[in-house]
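There are 2 protein chains.
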Amino acid sequence: MSDEPLRPLPSTPDEPNHMSTAAFRDAAHQLVDFICDYYDTIEARPVRARTEPGAVYDALPDAPPAHPEPFDRVLDDVRETVAPNLTHWQHPSFFAYFPANGSFPSVLGDLLSSALGVQGMLWQTSPACTEVETRVLDWLALMLGLPASFTSTGAHPSLQSEPELRELLGEPLPAVRDSPGGGVILSTASEAVLTALSAALERHRRSSESVQQPIIYVSSQSHSSVRKAVNIVGLVPENIREIPTDERHAMDPAALRRAIDEDESNACRPVFVCATLGTTGSGAFDPLAEIAELCERRRAWLHVDAAWAGSAFVCPEQRGLLRGVQSADSFSFNPHKWLLTNFDCSAFFLNGAAAREHLLRAMSITPEYLRNAASDAGGVIDYRDWHIPLGRRFRALKLWFVLRHYGVKGLQDHIRTHCRQAASLERVIDADDRFELAAPRSMSLVLFRVADDDPAGTHSRALMDRVNDSGRAFLTHTVLPDPDGGEARFAIRVAIGGALTRDEHVRTLWQTVLESLEPLPTATKDS
Amino acid sequence: MSDEPLRPLPSTPDEPNHMSTAAFRDAAHQLVDFICDYYDTIEARPVRARTEPGAVYDALPDAPPAHPEPFDRVLDDVRETVAPNLTHWQHPSFFAYFPANGSFPSVLGDLLSSALGVQGMLWQTSPACTEVETRVLDWLALMLGLPASFTSTGAHPSLQSEPELRELLGEPLPAVRDSPGGGVILSTASEAVLTALSAALERHRRSSESVQQPIIYVSSQSHSSVRKAVNIVGLVPENIREIPTDERHAMDPAALRRAIDEDESNACRPVFVCATLGTTGSGAFDPLAEIAELCERRRAWLHVDAAWAGSAFVCPEQRGLLRGVQSADSFSFNPHKWLLTNFDCSAFFLNGAAAREHLLRAMSITPEYLRNAASDAGGVIDYRDWHIPLGRRFRALKLWFVLRHYGVKGLQDHIRTHCRQAASLERVIDADDRFELAAPRSMSLVLFRVADDDPAGTHSRALMDRVNDSGRAFLTHTVLPDPDGGEARFAIRVAIGGALTRDEHVRTLWQTVLESLEPLPTATKDS
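Going down the list, the sequences are from chains A and B. Just so you know, the first sequence maps onto residues 204 to 730 in my numbering. Just so you know, the second sequence maps onto residues 204 to 730 in my numbering.
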């Protein structure tokens, strides 16, 4: 039987209906045309969806088809049922939440990732998937000016033969740790904070103070994902200290010090501090240098959540806010927010070999079926040991495509354009008595309200709803604590940062705000 | 100033180099051609990468470019540096691990998701993103024969007007819970088990026995992600009971009962049982009906991990193995393994409203900036409350495209083809004295070894290495416990399931095995 193995196999009665490469080529061209058309006409669409709950669900059949449907019909449904019921995040007049940048180079990189369909859990399961990621994250560390201890090698390139690039990049912050850490792509900043917290707790459990209650420090303005992570790791609200913020909504380091002192005197252990660079509410920057010094002395893991603002550090003039990161243990930011790379792409960096080792200890479990010669020899990175999921797609491709398509200069221009637009908007608001700035502008984020509005923001909320109902822009809000201890106050957020947002869109936004303002007195009586 | 807002803005000195729709169209066409060429020639490539550690990293420049690079150059690097250093998961002779199915319809759905660039954390942030997902997961529950309590409405459609579809789908398992649960797309089965465990612990913490130590039950063959999840939620090895397996490597329900009895008598609380349908090592099926009955009586959360095998339940003839799921609390499987949907797409279902409520309690945190009228009114699903990440991409599109392109019948044919191929391979191995089956075939997974090999698998490992070195196929291994208590034994796994794997590839695999066998005696002396 040896030369006729497996013969006769029964003939295949029913082959699944695989799409041929020729059919794929046709369908892809149709879809690319649809996508181009979507972008060419996106400004004509209302930014925020005008969908009734259940409308899309009800429009779809209640059961899958028995037999294949042609691609044309699927695309028709995309056109008729999906597209009109989206909130258009790539619309140039989307100013809500934070941006979720997309760009065509990123879409192409993601398409390639989908098509290659490789799974990079281990180095062996696709070496290029691992090594492109390692290289691109080392680039990113350099671009942000992170110390060399955040790279996989522990050293930045000298760039002696590239003076222009060196000039553009500016000087990275000096390393205070002299071993390599390295970066990995995670899905979201929520995953990053949970991963960092897991590493910190691993360190705590191995320490001589492991019997002490671990304490986690956040500010009142930290992202909700920190509290979610604290729940998931099995801690309770009593393990969290919410540190008050100052008049700029940044963590008060003196209050942090007092809280740590008090905990230490009660035999509790400061284990994890989350500092935010660019809070979600108002874009506040926690004073990193002071917090980092404190964390280092008290041996608490310092995680820096720069989910949104981190992208801005590609501009050297912004890096004053990053000072102190030299002593942080982990740092994360989302290129999928403001660096033109499609969701999901959250860059997570470890500072130095000790931090990396704690992460690996928290995340490594090697069953027999994942063992292989390359991993056993220890000379390669297996990224499944750097995060919670086992499987992983080739997300570095889209980031690599973006960095190469734009170059360092192009990405700096992208950030600077939005900061400039926000500065202009801030000046206009500041000069208009009918409005007030609700917080200092932070990079490309401007917060305002109707002047003399009540704390609940009755007028401001009505104004925002009208702008959103107009379909010409989409804004969201927050509620900010009063630094003087008064009632918290409503504020409208304008988060500039869309890839396609040009000066004219910011002008139109303001025009829309002004037009929505005029009939307000009557409208608010009705509501 | 009201009619000339924001004027004059300074002119933009440097625009980032955005890609125009015309340039995107050209680049996309080039890339689609590359992808078609990759698939047309994939069989000529060695399945497993032959890369030296560091080769790809070193081939890439040590710094990002200062200025834009043309897309052609990027694509050249993909061709020369990336493609040759991949392990080709979509190669029809990839039989390693479990498959990570891709398909062209899925690639198209994912391309659309990238291009639309919407973020579905809340219903409001793109209603279609949420509602297509809800609908498609209800379809999937129906296709797998899950009880109606796993759907978002609590009811399956009657299908009275579609007798053929009804015939194809078979009868779903009857519901024993009479309220709706529903499904959500997560990234991986690792995330699913962590999410399920978080919900179970939330339930435990609210219970009257919350002071008792929570105990987690797995089998020795459960996936490593369960232990990883236990670490992450802050529990320790003492919280885990590893239940022995029977001669088929399935969890022994009598042993589970004894373990629970013992824990209860020691004032410990059985909180979470992970049953596996299709273990990673050998594809074993834990006896779900018995385990489910036990969990229900002892009020332990039952999570069913069917990561790989779950896709096979689209075939009604496989559903005997699913019996008992009626009483499970959560169920997950990965369409990205064996249902032609690209990574990442892990379907996670809750059984009934109580299970869903515990999940939502474990995962919900609503800061002010995410509040909105639709969510406050309570009539919509906000999927960010169903999982750890906040942000989420429109992953339902690729699944929707796949279900419509193939139809129920096409997906059944896909599964049946691989099971039939595996059955043929099993017969050939069984008939050949030089080999032995190392475990009973499970669906499309066949385990074998060289006959009379030592427990470490000296001959079998050498054989596997040669097959892999040949580049003509890629196999991985596992080590299986001896049911009689002897030494655990090495086994080669053949996981059939690639989208492009046809009978001839299984034949070629076996031919390669036989050719690699011949010179073994000499070779093993050398090694």
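It should be emphasised that the hints constitute simulated quantities derived from the structure, not laboratory data. Errors might be hidden in some of the hints.
Any copy will do: because identical chains look the same in the list, a pair fits if it lies in one copy or spans two.
[Said to hold, decoys possible] When the alpha-carbon atoms are kept at most 16 Å apart in a straight line, the in silico EDC-like pairs for lysine to aspartate or glutamate are as follows:
{"hint": "1", "residue 1": "K612", "residue 2": "E405"}
{"hint": "2", "residue 1": "K612", "residue 2": "E441"}
{"hint": "3", "residue 1": "K612", "residue 2": "E370"}
{"hint": "4", "residue 1": "K612", "residue 2": "E365"}
{"hint": "5", "residue 1": "K612", "residue 2": "D449"}
{"hint": "6", "residue 1": "K612", "residue 2": "E496"}
{"hint": "7", "residue 1": "K612", "residue 2": "E467"}
{"hint": "8", "residue 1": "K612", "residue 2": "E520"}
Predicted model only: the values in this text are computed from it and were never measured.
Alpha-carbon proximity context of K612 and E441, limit 16 Å
Classified as neither: same-chain Cα gap 47 Å, cross-chain 54 Å, threshold 16 Å.
Regarding K612 and E370, is the shortest C-alpha distance of 16 Å or less found within a copy, between copies, in both, or in neither?
within (11 Å within a copy, 61 Å between copies)
Is it within, between, both, or neither for K612 and E467, if the alpha carbons may be no more than 16 Å apart?
neither (47 Å within a copy, 64 Å between copies)
Taking 16 Å as the upper bound on the Cα-Cα distance, should K612 and E520 be classified as within, between, both, or neither?
within (13 Å within a copy, 59 Å between copies)
Have a look at K612 and D449 and pick one of within, between, both or neither, based on CA distance no larger than 16 Å.
So K612 and D449 fail the 16 Å test inside a copy (35 Å) and across (62 Å) alike.
Can you tell me if K612 and E405 fall within 16 Å by alpha carbon in one copy, between copies, both or neither?
The answer is neither: 40 Å in one copy and 49 Å across copies each exceed 16 Å.
At 16 Å max between alpha carbons, let me know whether K612 reaches E496 within a copy, between copies, both or neither.
neither (33 Å within a copy, 63 Å between copies)
Should K612 paired with E365 be assigned to within, between, both, or neither, using CA atoms and 16 Å as the limit?
within (14 Å within a copy, 59 Å between copies)
Of the hints listed earlier, those the structure fails to meet are numbers 1, 2, 5, 6, 7, in rising order.
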